[in-house]
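Chain by chain, the residues:
Protein chains: 2
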Amino acid sequence: MGNRHLLTTGMTRGAIALALLVGASLDAAAGDATAGAPLATKCEACHGLDGLSKIPEAPNLAGQNEQYLVKQLTAFKTGERQNEQMSVVAPTLTEKEILDLAAYYSGIEIKVGKIPGQ
Amino acid sequence: MGNRHLLTTGMTRGAIALALLVGASLDAAAGDATAGAPLATKCEACHGLDGLSKIPEAPNLAGQNEQYLVKQLTAFKTGERQNEQMSVVAPTLTEKEILDLAAYYSGIEIKVGKIPGQ
Numbered sequence: 111m112g113n114r115h116l117l118t119t120g121m122t123r124g125a126i127a128l129a130l131l132v133g134a135s136l137d138a139a140a141g142d143a144t145a146g147a148p149l150a151t152k153c154e155a156c157h158g159l160d161g162l163s164k165i166p167e168a169p170n171l172a173g174q175n176e177q178y179l180v181k182q183l184t185a186f187k188t189g190e191r192q193n194e195q196m197s198v199v200a201p202t203l204t205e206k207e208i209l210d211l212a213a214y215y216s217g218i219e220i221k222v223g224k225i226p227g228q
Numbered sequence: 111m112g113n114r115h116l117l118t119t120g121m122t123r124g125a126i127a128l129a130l131l132v133g134a135s136l137d138a139a140a141g142d143a144t145a146g147a148p149l150a151t152k153c154e155a156c157h158g159l160d161g162l163s164k165i166p167e168a169p170n171l172a173g174q175n176e177q178y179l180v181k182q183l184t185a186f187k188t189g190e191r192q193n194e195q196m197s198v199v200a201p202t203l204t205e206k207e208i209l210d211l212a213a214y215y216s217g218i219e220i221k222v223g224k225i226p227g228q
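Chains as they are written, first to last, in the working numbering: chain A, 111 to 228; chain B, 111 to 228.
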């Protein structure tokens, strides 16, 4: 029982250390929403500065998941995902600019109202 | 001048008729949010019934542009766009189910609150 307790404690400590490391790494990778705000003028015509789509083909970005935005912008930059507009814009962005834009758009507060059928 | 006026009027009538036809066709293609609601249980684990992402990899869908949702679901169904989860789920959906799901998620009301730097 003593050994099992030690093992469990060791695993818990390991898990906490890993969580701290992951947290630190996420912080290091996090973008700066304030730096992203002026960059968003590149996105404004289609996605708006408020993150609400201005053309039928473009998605809303307001309050979108930050990690998802980084992944998709990177996919457009590398060519993994293709789109007439985004395949032109994304390759002009640095990795830091992608993080900052993701922080800006994910930082726009959204509230959900009425849900169909509810 | 008389002929030119007739031609212009004819073109205007043609444009109106075309606009009416396009409108009718969009209506015919529009999904049914109420029919989409029970289908959304397929999406719930990642995207929520409220359209707010439940895992870091998944985007919010609440209030998303309907046309964008139809296009992306169709792209996942055909394989044009790839994703570990969506490439499994989307091919199980019929075209009508895609329209209904897009109507459901786009029909969720969202309001934008505070914007970073403003």
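Among the clues, some could well be false.
Note that the list lumps identical chains together, so a pair holds whenever it fits in one copy or between two copies.
Claimed, not checked - Here are the simulated EDC-like cross-link-like pairs (lysine to aspartate or glutamate), alpha carbons at most 16 Å apart as the crow flies:
#1 K224 - D160
#2 K206 - E194
#3 K164 - E176
#4 K187 - D160
#5 K206 - E176
#6 K187 - E219
#7 K181 - E205
#8 K181 - E167
#9 K206 - E154
#10 K224 - E167
#11 K164 - E207
#12 K152 - E190
#13 K221 - D160
#14 K187 - E207
Keep in mind the hints are simulated off the structure, nothing from the lab.
Each hint, compared with the structure:
no.: 1; hint: K224 - D160; verdict: between (20 Å within a copy, 9 Å between copies)
no.: 2; hint: K206 - E194; verdict: neither (23 Å within a copy, 26 Å between copies)
no.: 3; hint: K164 - E176; verdict: between (21 Å within a copy, 13 Å between copies)
no.: 4; hint: K187 - D160; verdict: neither (23 Å within a copy, 30 Å between copies)
no.: 5; hint: K206 - E176; verdict: within (13 Å within a copy, 31 Å between copies)
no.: 6; hint: K187 - E219; verdict: neither (26 Å within a copy, 31 Å between copies)
no.: 7; hint: K181 - E205; verdict: within (11 Å within a copy, 27 Å between copies)
no.: 8; hint: K181 - E167; verdict: between (19 Å within a copy, 9 Å between copies)
no.: 9; hint: K206 - E154; verdict: neither (19 Å within a copy, 32 Å between copies)
no.: 10; hint: K224 - E167; verdict: neither (24 Å within a copy, 25 Å between copies)
no.: 11; hint: K164 - E207; verdict: neither (22 Å within a copy, 26 Å between copies)
no.: 12; hint: K152 - E190; verdict: neither (21 Å within a copy, 26 Å between copies)
no.: 13; hint: K221 - D160; verdict: both (13 Å within a copy, 11 Å between copies)
no.: 14; hint: K187 - E207; verdict: within (12 Å within a copy, 32 Å between copies)
Hint compliance for this structure: hints 2, 4, 6, 9, 10, 11 and 12 are broken, all remaining hints hold.
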